[in-house]
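Colleague: Could you put the whole structure together from the sequences, leaning on the hints where they help?
As a plain string of letters, each chain reads:
There are 2 protein chains.
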Amino acid sequence: MTRLLFTPLSINSMTLPNRILLTAMVTRLSGEDGFVNKDIVDRYVRFAKGEPGLIVIEATAVHESKSGPLLRMSGDEFIPGHREMLKQMRDAGPSKVALQIIHFLKIARSGWRQTVDMLSLDDIRFVIQAYGDATARTREAGYDAVELHMAHAYTLSSFLSAKNKRLDEYGGRSLESRLRLPSEVIVRVREKVGPDFPIGIRFDGEECIKNGYGLSDSKYMALRFAQLGADYISISAGGKFEDAVKKENEPLYPYTGYSGDRTMPPASYQYGSNVYLAEGIKAFINAHGYHTPVVTTGKINTPKMAEEILAAGRADIVGFARALLADPDWPKKARLGLEDTIIRCIYGNVCKNLDENFKQVRCGSLWPRQFLHAPEAPNDQDPPVWPDGGAQLTAKLNENGQVRLTWKAAIDPQGVYGYEIFRAVNNGPFVHLTSSMTASHVEEYALVGNHYRYYVRAYDFAGNRSTDSNVTEITLDLRFAIPEGRTLKLDGDVEAEQGYSA
Amino acid sequence: MTRLLFTPLSINSMTLPNRILLTAMVTRLSGEDGFVNKDIVDRYVRFAKGEPGLIVIEATAVHESKSGPLLRMSGDEFIPGHREMLKQMRDAGPSKVALQIIHFLKIARSGWRQTVDMLSLDDIRFVIQAYGDATARTREAGYDAVELHMAHAYTLSSFLSAKNKRLDEYGGRSLESRLRLPSEVIVRVREKVGPDFPIGIRFDGEECIKNGYGLSDSKYMALRFAQLGADYISISAGGKFEDAVKKENEPLYPYTGYSGDRTMPPASYQYGSNVYLAEGIKAFINAHGYHTPVVTTGKINTPKMAEEILAAGRADIVGFARALLADPDWPKKARLGLEDTIIRCIYGNVCKNLDENFKQVRCGSLWPRQFLHAPEAPNDQDPPVWPDGGAQLTAKLNENGQVRLTWKAAIDPQGVYGYEIFRAVNNGPFVHLTSSMTASHVEEYALVGNHYRYYVRAYDFAGNRSTDSNVTEITLDLRFAIPEGRTLKLDGDVEAEQGYSA
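Chains as they are written, first to last, in our numbering: chain W, 570 to 1071; chain D, 570 to 1071.
Hints are supplied without guarantee of correctness; some may be wrong.
What the hints assert, rightly or not - Computed cross-link-like contacts, BS3-like style, restricted to lysine-lysine with a CA-CA straight-line distance of at most 30 Å:
1. K815(W) / K815(D)
2. K734(D) / K928(W)
3. K734(W) / K815(D)
4. K816(W) / K732(W)
5. K675(W) / K734(D)
6. K607(D) / K732(D)
7. K815(D) / K675(W)
8. K732(W) / K635(D)
9. K815(W) / K675(D)
10. K734(W) / K607(D)
11. K761(W) / K816(W)
12. K816(D) / K815(W)
13. K618(W) / K675(W)
14. K902(W) / K873(W)
15. K732(D) / K815(W)
16. K815(W) / K734(W)
17. K635(D) / K977(D)
18. K734(D) / K816(D)
19. K928(D) / K656(D)
20. K734(D) / K675(D)
21. K675(W) / K607(W)
22. K873(D) / K816(W)
23. K816(W) / K675(D)
24. K732(D) / K816(W)
25. K965(W) / K732(D)
26. K732(W) / K928(D)
27. K732(D) / K928(W)
28. K816(D) / K734(W)
29. K816(W) / K816(D)
30. K732(W) / K816(D)
31. K734(D) / K965(W)
32. K816(W) / K815(D)
33. K734(W) / K928(D)
34. K901(D) / K873(D)
35. K815(W) / K734(D)
36. K732(D) / K732(W)
37. K656(W) / K675(W)
38. K815(D) / K761(D)
39. K656(D) / K732(W)
Just so you know, the hints here were simulated from the structure itself, not pulled from any lab data.
Modeller: As structure tokens, this is what we get:
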């Protein structure tokens, strides 16, 4: 069922054990000094234990930066910390490891931000040099690959952007000029590390802002990156300053507007809602004779879905951030055929909100409060149990159309991690709807004319599942929708739906 | 080639001669009094001459409104004007005609706007009644159908919205409650006009705003509308207040933000960039046993593209606004196999900008300034000619990467309407790139390593084309992209591209 997902893939001199990529994800765990510290090491060792094919370490500045807790690779003094982290990660699992490197412009609490049209040609030359030097250090530290950050709100992305306001040969008046600095960076980076070191590019398939670029432009950008010898191309979306929501006395932060939702699609979005971008780009570059692997990301949840994306040829590698944050063991469990024990991300975006509020990033939707990293309980074979009298799951329809599910808390000596909620519509099968840390759930998507059945299942830190609870049922009467007593024609056969947003 | 597009379609008691739908499009041509006037009649008679299958007349208020030049159907006194317009339209062509009816909330120049949570239950009952009464008048006036406006920034859409802040049974706490008022309106409208009168629904497949709804919700909304007996479902996107750009001393206007670009995708978007919404909705309702025709819209330009959408089963009807504004004779020309004489919309969105600036809407990208409606020159068989010495088309590469094309103006006794620009990349065929009213064009998408050939063709009001100009050529040297003298690996076979954004 996951044959393609676990087919190794060679990327230049590096061979990934599988097609699962952990995308760069801000953690806010490093100190202000930019050095690797124990929390950072613990986070990535935890990821390494889960065995994704490629782990991309969070965005690391190529320059001296003042930007809160952000890793840096702006000088040789940062190398030893990365080397030590890599050693521990390699002891923990077979994953290859890339470092994502980034340059960003200045922002102020006043709301002012530096834009690309303010950069002198000397500034531009500095960016090129800094990327080159940081890449050399990346190789020196022992990384398997480097990933150049050209996505979202940062410097290289802002040159690629349709909103690039420069008038010169690095400017927004033509696609060629928008491509110039990113192209020069790739050329310099390649010169610094030689032909065999894998260079990945992460960039936006669509900016998702007014007058931003879309696939019409990004397909040409990807082609250029392939022509320049990029070894993989990883497609993101949005994450721009232009629609960011300004907070009093805080610097503007991307990901707070609509475009930020497009980067990390929340629960209300379709699963895989950005796959079309990788698909369009892959089809385009393949048609032009390039087979550079393309990575797709964005709310891809199950091994089955990942496999289907690969089988349909929509991407070559499947990237995950939140799904692996929720359960770093996702890849290993998928490999072992233990999909049912995966702790499933519910895309509640508490992680995203923590980041937006400048706090350490953890899975606040699913991890118990005391954990900074995903908990482990490897020797626990005992599943949670229901209390005497059982789960006593009940469903109640409120006047506002919500169905409120409540049940008794389960019991586990090592702690209950959460509850999975399953739903069947009419005669359909039960499917996983969402999960909850607490013993209740509010269902906002029950519709009249339908009969719903629910049950819940508790799980512990090791992913052991309890027995299924009792099944509770509810039918939303037609009169609920049309209170004035008129009729609603409901002759369609409403079948089971794949959980929220599927 | 356009077999499906010209296959008639029965919608309840109405049979469309073809699958081409002119979507409701604001004209700002009516008076402040809300009555049909001569400009309105002239605009729609001009559309009728072009023979689309269904013409949807612009949004017409169901209530006494203060909203500038907007048609109204809030009292019987408005019926005669519509009756007269319909008579003249039916004399002009075979199109069926629907009236789109709308209720909207109050807005003020201060920036204040009424939101759905401010409405009392009496206000809600009024909305239901007003839709019912306006539909009765619509039938009385002789329309073939009514279309209920549930899209964009208006009342019913704001109830459907994920941003609906009400807490009661009409509120945003559940999908069922968000559906309640739109459902009650459909039921009331049906009661008013009986089972045989076609009722269409236009609504957003995706809100395209932060925390807005997407296909996950809209597929259920469409299913509900189908269950309630809607006769067609027309899918739009965006057009919301939430991301509208505030202008000093003007009321907030939807379509000015990102979501407005999604409603009317500009030149920088892919063709057919919203088709996925109709496709997802059609697949969903079909799977549930409903075959209510689904309309797709949004930057669909050629008869070939429309036919492909139908052939792939992505929609049942193809809607056009700007393409028919640019050339109302598009349907007739497609039927007669005269695709090459269509005046092609370039999606410059001057029409959209006119609307945003509260001006009469015309095609400002392609129509000569003196025309309020699309010009006609039916007896003109004489094509434009080039002056002595020919077109003298030249291409010049600027330092900023732009290629500037210039040529001599063509000559036509009834006036030159514009110029079509064709481009071939490397060994590919020539394809239409864009059009221009003036004898110049700036190409922003020429990329290094490629050889480009261009020619232009003048056309007059009747669509007669001149001979092709001379072909001019330009190659962008690799050194242009990488000025520091490094090499760019360009071994891909870059083939012809389908114009901008294709």
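Colleague: If a hint holds in the structure, say so; if it doesn't, say that too.
Modeller: For each hint, the structure was consulted:
For a cut-off of 30 Å, the pair hint linking K815(W) to K815(D) stands: about 16 Å separates their Cα positions. A hinted pair counts as satisfied when its Cα atoms are at most 30 Å apart, and K734(D) with K928(W) qualifies at roughly 29 Å. The hinted pair formed by K734(W) and K815(D) meets the criterion: a straight-line CA distance of about 22 Å does not exceed 30 Å. At roughly 23 Å between alpha-carbon atoms, K816(W) and K732(W) fall within 30 Å of each other, so this suggested pair holds.
Under the criterion of a C-alpha separation no larger than 30 Å, the hint pairing K675(W) with K734(D) is inconsistent with the structure, at around 37 Å. With a C-alpha separation of about 40 Å, the suggested pairing of K607(D) with K732(D) is violated against the 30 Å cut-off. Between K815(D) and K675(W) the CA atoms are separated by roughly 27 Å; this keeps the pair inside 30 Å, and the hint holds. A distance of roughly 37 Å separates the Cα atoms of K732(W) and K635(D); the hinted pair therefore is violated under the 30 Å criterion.
Distance restraint check for K815(W) and K675(D): the Cα-Cα separation of roughly 27 Å lies within the 30 Å cut-off, and the hinted pair is therefore satisfied. For a cut-off of 30 Å, the pair hint linking K734(W) to K607(D) is broken: about 44 Å separates their Cα positions. A threshold of 30 Å between alpha carbons decides the hint, and for K761(W) with K816(W) the separation of about 41 Å lies outside it, so the pair is violated. Proposed proximity of K816(D) and K815(W) is supported: the alpha carbons are some 19 Å apart, at most 30 Å.
Restraint check: the Cα-Cα separation between K618(W) and K675(W) comes to about 36 Å, which exceeds 30 Å; the hinted pair is violated. Proximity of K902(W) to K873(W) is assessed by CA-CA distance (about 13 Å); at most 30 Å being required, the pair is judged to hold. Taken as a hint, the K732(D) and K815(W) pair is honoured in the structure, with Cα atoms around 20 Å apart against an allowance of 30 Å. A C-alpha spacing of about 22 Å is found between K815(W) and K734(W), which places the hinted pair at or below 30 Å, so the restraint holds.
Using a Cα cut-off of 30 Å, the hinted pair K635(D) and K977(D) is violated, with the two alpha carbons roughly 48 Å apart. Between K734(D) and K816(D) the alpha-carbon distance is near 25 Å, which keeps this suggested pair within the 30 Å criterion. Restraint check for K928(D) and K656(D): satisfied, since their Cα atoms lie roughly 28 Å apart, inside the 30 Å limit. For the hint pairing K734(D) with K675(D), the CA-to-CA distance comes to about 17 Å; that is within 30 Å, so the pair holds.
The suggested pairing of K675(W) with K607(W) holds, with an alpha-carbon distance near 28 Å, which does not exceed 30 Å. Our distance criterion of 30 Å between C-alpha atoms is broken by K873(D) and K816(W), whose separation comes to about 48 Å. At roughly 28 Å between alpha-carbon atoms, K816(W) and K675(D) fall within 30 Å of each other, so this suggested pair holds. A C-alpha spacing of about 20 Å is found between K732(D) and K816(W), which places the hinted pair at or below 30 Å, so the restraint holds.
Between K965(W) and K732(D) the alpha-carbon distance is near 24 Å, which keeps this suggested pair within the 30 Å criterion. Annotation: proposed proximity of K732(W) to K928(D) holds, straight-line Cα distance about 27 Å (limit 30 Å). Pair hint K732(D) plus K928(W) holds up; C-alpha atoms about 27 Å apart against a cutoff of 30 Å. In summary, the hint linking K816(D) to K734(W) is supported, as the alpha carbons are separated by about 22 Å, within the 30 Å threshold.
With a CA separation close to 22 Å, the supplied pair K816(W) and K816(D) stays within the 30 Å bound. For a cut-off of 30 Å, the pair hint linking K732(W) to K816(D) stands: about 20 Å separates their Cα positions. Of the supplied pair hints, the one linking K734(D) and K965(W) holds, its CA atoms being roughly 22 Å apart against a limit of 30 Å. As the CA atoms of K816(W) and K815(D) are separated by approximately 19 Å, the hinted pair is consistent with the 30 Å bound.
Pair hint K734(W) plus K928(D) holds up; C-alpha atoms about 29 Å apart against a cutoff of 30 Å. Straight-line distance between C-alpha atoms of K901(D) and K873(D) comes to about 14 Å, which keeps the hinted pair within the 30 Å bound. Distance check on the hinted pair: K815(W) and K734(D) sit about 22 Å apart at the alpha-carbon level, within 30 Å; holds. Proposed proximity of K732(D) and K732(W) is supported: the alpha carbons are some 29 Å apart, at most 30 Å.
At most 30 Å may separate the alpha-carbon atoms for a hinted pair to count; K656(W) and K675(W) exceed this at roughly 34 Å. Distance hint between K815(D) and K761(D) is unfulfilled; the C-alpha atoms sit about 39 Å from each other, more than 30 Å. Taking the CA atoms of K656(D) and K732(W), the gap is near 49 Å; set against the 30 Å cutoff, the hint is violated.
Against the hints set out earlier in the document, violations occur for numbers 5, 6, 8, 10, 11, 13, 17, 22, 37, 38 and 39.
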